Amino acid sequence: MRETLLEIKDLHVEVEDKYILKGLNLTIKKGEIHAIMGPNGGGKSTLCNSIMGNPKYKVTLGQILFEGEDITNLKVNERAKKGIFLSFQYPEEIPGITVDNFIRTSVNIVTGQNVTMLQFAKDMKNTLELLDMKSEYRSRYLNVGFSGGEKKKTEILQMAFLKPKLVMLDEIDSGLDIDALKVVAEAVKKLKTEEMSILIVTHYNRILDYLEPDAISVLMDGKIVKSGDRDLAKILEEKGYDFVRNGV
Amino acid sequence: MWKRVSMEEIQQPSYKEYTSAVIKDLSHDTVKIKETKKLAGLPTEILALRDKAFGIEGKFINMVKDFYNAGFHIEISQNSNVEKPIVIDYITNEQNNTLIDYNIIEAEANSQVTIVFDYNSGTKGFHNGITQVIAKEGSTVNIVKIQRLGDEFNDFDNNLVIVGKNAMVNWSNVVIGSKVSAFDVAVYLDEVGGTFTSKSIFLGVDSQKYDMAYKVYHQAPKTTSSVDLKGALKGSAKATFIGNIDIKKGAKKAKAEENETVLLLDKTVKSVAIPALYCGEDDVQANHSASAGQIDEDKLYYVMSRGFSLEEARLLMVQAILNPVIDLIPYDPVREIIIKGHIGRRIIK
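Chain order of the listed sequences is A and B. Just so we're on the same page, my numbering is the position in the first sequence counted from 1, plus 1040. Just so we're on the same page, my numbering is the position in the second sequence counted from 1, plus 914.
Since the hints were made in silico from the structure, they are not lab data. A quick note: this is a predicted structure, and the numbers were derived from the prediction, not measured. Accuracy of the hints is not assured; some may be wrong.
Unchecked claim - EDC-like, lysine to aspartate or glutamate: derived pairs with alpha carbons at most 20 Å apart:
(1) B:K1213 - A:E1056
(2) B:K1181 - B:D1210
(3) B:K1213 - A:E1072
(4) A:K1203 - A:E1072
(5) A:K1098 - B:E1211
(6) A:K1115 - B:E931
(7) B:K1144 - A:E1133
(8) B:K951 - B:E931
(9) A:K1098 - A:E1056
(10) A:K1096 - B:E1211
(11) A:K1115 - B:E1211
(12) B:K1213 - A:E1043
(13) A:K1069 - A:E1043
Using the sequences and the hints, build the whole thing.
Structure, rendered in structure tokens:
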């Protein structure tokens, strides 16, 4: 039996006075790939933001445990330092700060060590190749003028450097064409270590074909309503969410 | 102006020598550089500008004209492209703490040049200067003015820019120093096809007070101007931005644009924008916008999710506003690092 990395107990989350999560329970094991599926507005992005610690999302009840430690009240940056990473659905543009500069500073902060220029350049070259990105991205301002696909790839680039324990991919497949999706999914697969857990939030099966999740949970109306293995995704695709809603 | 920077009028300093200006790359055969005080008299073209209003206040202009102790006259020959920027380093220190500079730049037809003025160092002192730029037909003149004087400086800078037919002047102010700093840039687009652009930044911390004015006069058809000022304020700093666009009758197809964006890092700062548009002609396009606000929460969250603390994330947001302009400035990377470092130290204290 694998150890638990993340345990969410009876989580209630409010955004702008509206309850989105209403008693959510979820456990993610170390090394597990776990997909969360569900209709729009069901709370999938809210779940990611709550785990990351977005101050706009207020936890009113329940707990988030990471490696057994209660992180419910921890600040965003402290969670990042513990090894939690969110690949944003809509990554922010940061003018004036190059990709290189941002990632190097962030690695130094998260690891508490100064990565050498030489090592950084070497790792950067390899990771850019893995993501099929040109080296000129290094000197561009972070996400400024990037296409949707380039932004998503840059999220994975950051993930590669930060080496998190928990990676949340919030609709990584949106805004990617089929070729780019394949590149991104295969890069994630290569970057995944045995210890790393991945939480994938998606509407589509295609990314699951590449990443082969160990578990799938359906999130609807603020709760996990059904869990299963890879086959559950296929049933959902055939029968739609009504199949779950009708309690079959 | 005194009211805007909320202070009593300052005492004008008594006359003092200033001898610590450094100007590099004098050895260019298409550029003539002379100290203004060594000229036999002011060039006739400068004397002809008597009726052009400019400057913060008349007495600052008169003070420079009567008592200047520094400054250069730079002449760029016709059709010459001066590739390396000319850097004028106005260093201040205990001995040289009163700088009154009178600079004259004449770019002859179809010439190209970049001139960087770097007012720096020192702790306590006074600066008041005039810079007059004449960009003749088809010329391109890039002017960068960096003001990073010490915390106890009073700084005043008066500028007059004359843009000729199809000429272009690209201007940039980088304002990060002094206790009180005021500048005024008056731009005359007197002939057809002239263009003026300004991309400028400021950072005010503690009780720094800035007063910044751009006044653009469109006096001929197809003239274009764009003024873009971005900055950040922290502590009890105060900044006033005056942007006047004056389009005279007959300046058909003129285009003018003016934007100011200010990041307010504390509730105790004050930011005032006074944009004004005077239009004597129908067939023109003119826009202005000003916005002042706090750091975007979503951006902060994004950056903090990569490990940055709130303080570090705030600094990054200030850099995000200022760096795109600093990165455009054509000077050596060492200077760039110094300026970025200076900004970092001012935000994280």
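> Of the hints given before, which are not true for this structure?
Replying inline: Of the numbered hints given earlier, those the structure breaks are 3, 6, 12, listed in rising order.
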